[in-house]
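Given two chains presented individually in distinct reference frames, assemble the corresponding complex, making use of the accompanying hints.
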Amino acid sequence: MNHFDSQNLLIFGGVLFAIGLIGFLTRRSMILMFLSLETMLSGVSLNLIVFSKIHQNYQGQVLAIMVLTIAACEAAIALAFVVSLYRRKPTLDVLAWDELSETIMPKMPDALSDMSEPHEQYPTLTPAGLDPLSHPMPPSLDAAMNQQNSTTPANATEVVQRA
Amino acid sequence: MESLTLAWPLAQQAFDPSNLPLVTGSPIDGHFSNAMLLVIVVGAVAYWCLQRGVVRSKPLAIAGASLFGLACVMAFSAIPKPTTFPAENSFSDYLEPVVKMCFCLLAAGGGLGFIVAREPVHAALGFATCVLSTCGILFMQHAYFIAAATMIVYAGATIIIFLFVLMFAQQTKLRIYDVELTRPAVAAFIATALLITITYSVSDEGEILPTKMDLTRSRSLAAISNDPESVLPPAMQPGMSPSESAKFVPSKTSGLGRAMYTDYLLAIELAGTVLLVATIGAIALAQKPEEGVS
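One line per chain: the protein sequences are A and B, in this order. Going by this note's numbering, the first sequence opens with residue -2, and the numbers climb by one from there. Going by this note's numbering, the second sequence opens with residue 19, and the numbers climb by one from there.
Chain B on its own, in the form it takes in the complex (with noise of 0.2 angstroms):
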């Protein structure tokens, strides 16, 4: 009883709605997730409406689509704004939250399109929009490689080939295999459960300190760069002022071409191998059997 009465005003603080910033407007400070969590819960309402309003009935599914622009338009307004502009800069500060924002949505959107889209190629379609926007955050976060990586391997190579395997299998009619979905209530629930506790688990406050690099290998990257003789800037230390720090967000193609080929290098090895049994597994197993083998 005790303990109760100590946790009741915790609890009230955790759920007070005055506390939601959606609803006050101010900014975000450890109140984060209560938003997102009307979000997702939202959200999850949202595809269950479309996905059963896609085939049933026109006005469920329009309800569905408003109901994820309105999950939307929470998302947007929890997200906290940057209050105070540098001096320098303040148009592009100001503009790249909104186009990340942008390309959020859109991501966000194009899944949604994926999973609900009873025709394949509008889901592959979606799927395609999903994954190209996911490479617009990619390189908004300075992952310039990865981001042409992915969309060379996922929007180029995997997408053509999922649609080539498509219309090689697919019949004028829709067939009942992509009308109809295996429990989607449950699934949504399964979903909504994950992506709450991840928000929780996200949303914890501290400071994540920068990790030094292994400097006892000779040829690793840090040792690499603390040479004295090196064109390439210092290897960071723990320590370093933020503004010191700041030079250090990993943004260089080359740093990480370095960082794959001498810190890496075995797993970049194993990495090549498994491509090559994985081709060799493929055209293995694609081939046409022959006469008499079932």
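Excised from the complex, chain A in its bound form (with noise of 0.2 angstroms):
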């Protein structure tokens, strides 16, 4: 048995899996989007039949062929879902429907930094009157407040016996 051949095999498996995973990360076309994935497991089914090779059984390539099934379960349900998403609406742009994520979520990576801390904001009040700093109180005005100041219980009284 040739150790190194099959060790050239597993890496092109992992080879295989690369690519797919890069078609799978870019592609925004829906449908390149699962050949990529078949491509991810046509390597995993590769590496799965290196395998039993070196083991020298069959299980490796039993394995093998249920990840074949299982592909092309994927497959059929993949192309049912995006001739069902193409009905609603005329195009294959994952991006048509970003709003199945969270929709508070910003629409491009870049603004993920900007989500990360959140700035406080307050509600704001429209300034009302004149700011008693700049504008202090004329000195007349102080003494005809003090004045109502000191009759204020009497009229509270006469309020309170009112009620």
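Careful: at least some of the hints might be erroneous.
[Unchecked claim] For each label pair, taking beta carbons as the anchor points, the in silico distance ranges come out as: (1) A:ILE67 to B:ALA203: 23 to 33 angstroms; (2) A:PHE78 to B:MET158: 29 to 39 angstroms; (3) A:LEU97 to B:GLU114: 41 to 51 angstroms.
[What the hints assert, rightly or not] Heads up, simulated EDC-like pairs for lysine to aspartate or glutamate below, C-alpha to C-alpha not over 20 angstroms straight-line: (4) A:LYS86 to B:GLU309; (5) A:LYS86 to B:ASP196; (6) B:LYS118 to A:ASP2; (7) A:LYS86 to B:GLU308; (8) B:LYS191 to A:ASP90; (9) B:LYS76 to B:GLU137.
Rather than coming from a laboratory, the hints here were simulated on the basis of the structure. The structure displayed is predicted, hence computed values, not measured ones. For glycine and all other residues, C-beta sits at the position ideal for the given N, C-alpha and C.
Here is the structure:
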């Protein structure tokens, strides 16, 4: 058994998986994303078959047949999904369906950095009247207010009695 | 500090460029992953250049393609060649790794075309190339049934149906979602990290012993083949000599069938059930909604 040969093929299975990963992460067309998934699965099944050769029994091959079955199921379901999504919005763009994610999230990952530290926003009131610091009360008005304050208790008792 | 002085010669040895088989041309022994590391990084750069150059500038695309070629040549020179030929079958022994290599290159090129091409039909054709070449590799690994099944399922059914949907949905002009890729540099970085990890873990030296099959169940493959009246070769036992165990390369489709319907009968039944459920689900999902149902 050629050990290096199996090693090369294991790495090649990894290469196929990486190609599928890049395709899945970068592509925006739904169909090409599913094809990338199939590429990843074929890399995995290649690895399983090489393992079967290394271990010299059929376990890996049976598992590869399972992977093949699941890949076929996945292709059928994915196709049905694409067709029914296409009926609602005639586009294959995945970004057309990004309201299925959290709608408060920003569209592009760039804006995530703005989300990480939320700025606290307090409600602001419209300023009314004069600023007491920049417009101090004239002394005459001050005296009038003091006089009114001194008469307040009597008024207050009247109000209470009336009530 | 002491550990640093201990570790430094090891690190030096690990990263010494003269240890790279690419540079010395010596047979690979334990330094395989160093050469592959370089190949992976060059491949990632080639992908980045190609995906940008395909839409932006032609020279960049040419540079990316030549970088990919360079990565392929480096990988080819890093892979050990057979040094001694056995007297018989020497030509086929020499030819087999070359053909396997060609399949690998074709599959990698098809995969690269698949993730780079902006025209969806071209991308699907790249995928078909990739999968068909992978089937060739599986065929050379003596997995005949799986090679045929993969060819039928992927290259036959999947590609045809996906091409059908592409034609069904495709307008004449290229769409923005076909042209624009989301963050190819980040994706290439993630894939590079993954591949480097895989390469290092795979390059670990060590013997992998053949695994004995389960003898306890009366209907299992191993038990059947250990029956003295059986026409099958006896099941492999641990402790066999390499020449003896070389006879047990799992290459027979009949053996795979026996394993499937004896040792893995329940799993096969489950797979059939999953296929049935998926068929029903696909029909239910793809039905046209009734009027007034949103």
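Against the structure, the hints come out as follows:
Between ILE67 (chain A) and ALA203 (chain B) the beta carbons are some 32 angstroms apart, a value that agrees with the proposed interval 23 to 33 angstroms. Under the hint 29 to 39 angstroms, the C-beta atoms of PHE78 (chain A) and MET158 (chain B), about 36 angstroms apart, fit the expected range. Hint check: LEU97 (chain A) to GLU114 (chain B), Cβ distance near 49 angstroms, so the stated range 41 to 51 angstroms holds. Simply put, LYS86 (chain A) and GLU309 (chain B) have alpha-carbon atoms about 17 angstroms apart, close enough for the 20 angstroms limit, and the pair holds.
Among the hinted pairs, LYS86 (chain A) with ASP196 (chain B) is consistent with the structure: their alpha-carbon atoms are about 16 angstroms apart, no more than 20 angstroms. Restraint check for LYS118 (chain B) and ASP2 (chain A): the C-alpha separation of about 10 angstroms stays at or below 20 angstroms, so the hint holds. This hinted pair checks out: LYS86 (chain A) and GLU308 (chain B) have alpha carbons roughly 17 angstroms apart, not beyond 20 angstroms. For the given pair, LYS191 (chain B) sits about 15 angstroms from ASP90 (chain A) by alpha-carbon distance, which is consistent with the 20 angstroms threshold.
The suggested pairing of LYS76 (chain B) with GLU137 (chain B) holds, with an alpha-carbon distance near 16 angstroms, which does not exceed 20 angstroms.
Checked against the numbered hints given earlier, the structure satisfies every one of them.
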